[in-house]
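**Q** Kindly produce the complete structure, drawing on both the sequences and the hints.
In UniProt numbering, the protein residues as written are 1 to 376.
One or more hints might be untrue.
Claimed, not checked - Using C-beta positions, here's what the derived DEER-type ranges look like:
| id | residue 1 | residue 2 | range |
| --- | --- | --- | --- |
| 1 | F155 | H100 | 21 to 31 angstroms |
| 2 | V258 | D87 | 36 to 46 angstroms |
| 3 | R182 | P158 | 26 to 36 angstroms |
| 4 | K90 | I27 | 17 to 27 angstroms |
| 5 | P158 | T13 | 41 to 51 angstroms |
| 6 | T165 | S352 | 20 to 30 angstroms |
| 7 | P158 | A251 | 54 to 64 angstroms |
If you're looking for bench data, these hints aren't it; they were derived computationally from the structure. For each residue, glycine too, the CB sits at the ideal point set by N, CA and C.
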Amino acid sequence: MQFGIFSVSDITTDPTTGRTPTDAERIQDMVRIALKTEEVGLDVFATGEHHNPPFFASSPTTFLGYIAAQTTTLQLSTATTLITTNDPVKIAEDYAMLQHLSGGRVDLMMGRGNTGPVYPWFGQDIRNGIALAVENYHLLRRLWREEVVDWEGKFRTPLQGFTATPRPLDGVAPFVWHGSIRSPEIAEQAAYYGDGFFHNNIFWTMDHTARMVDLYRRRYEHYGHGRADQAIVGLGGQVFMAKNSQDAIKAFRPYFDVAPVYGHGPSLEEFTRATPLTVGSPQQVIERTLGFADAVGDYQRQMFLMDHAGLPIDVVLEQIEILGSEVVPVLRKEFEARRPAGVPSDPPTHASLIAAGDDHANAAMGPRGRVEAGSN
1 MQFGIFSVSD ITTDPTTGRT PTDAERIQDM VRIALKTEEV GLDVFATGEH HNPPFFASSP
61 TTFLGYIAAQ TTTLQLSTAT TLITTNDPVK IAEDYAMLQH LSGGRVDLMM GRGNTGPVYP
121 WFGQDIRNGI ALAVENYHLL RRLWREEVVD WEGKFRTPLQ GFTATPRPLD GVAPFVWHGS
181 IRSPEIAEQA AYYGDGFFHN NIFWTMDHTA RMVDLYRRRY EHYGHGRADQ AIVGLGGQVF
241 MAKNSQDAIK AFRPYFDVAP VYGHGPSLEE FTRATPLTVG SPQQVIERTL GFADAVGDYQ
301 RQMFLMDHAG LPIDVVLEQI EILGSEVVPV LRKEFEARRP AGVPSDPPTH ASLIAAGDDH
361 ANAAMGPRGR VEAGSN
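**A** Here it is, written out as structure tokens:
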């Protein structure tokens, strides 16, 4: 099973000092976080994509290429790549280039994002969000799998005899996740193509997450990609740890109480009861995370958000150290002990796709039928 860190790249004032980091400081901090992720033995680092304050990660491939040059084992991913407002041609070429630079250590998560104004900034209409996600991803798959593409769709200019360059490393397209919080159409899209489904459930109840994952699993089996329990699932999570829960709560409360991402709404105690946010001891984090599989079934990737809400970089690095040394080794052992035979431990990687003869990457464009482009 893969474990990793993702960042949404927010720039938030530290409520305990009143200081707001600069763009330059946060960018360098995120570099340190990515390198620490590999150092402590975790598997994946993912960056978000945003084009508005208070976020800074507007160019994921630039950042991940920089990290690729300084790491050797770390899988590089996104959380998420905006399939709605990015040109599929540019996605195809940028991530193929990143494949080559990283030696194949890249996958990516497609998503629509959660910032409405970004659509008109890139010449799109938010009311077409689902339809854009469906059409753009269909084109992206073709660009990676076909040397010469002729294309005509609704949302971009036609392509005639077009070849995306560079071609994917070893002729194998990067593995793709589809990230969604509330859109069943995206779970359907992931199932249709046999791709991974990532439910970033950091602000949602496990009941909601379980319903979304169950839909994806059932449709994955319906489309003939394997059993429902073999579908490739990833989850998000948030944790803050100390040796005992009282110290963890005391240290994290000032950040929770004023952080914009929590909306100044429920109390810390209410939020931790209702969502996967876990503030407590390493053992409490272990127990809570193991419980995710009781809700959604055995899954393949667990990502943690650690650098949000204005937390100082030294605290974030300490949290990642605890995660890597005290929490994840236990989770690896316990998750694998409960995993039935025939259920994948890991999501596909570049190496595993090649070893398997690239059946996944070179599969047809999908089974007969179509993904419905419904409303948001």
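**Q** So which of the earlier hints does this model not fit?
**A** none
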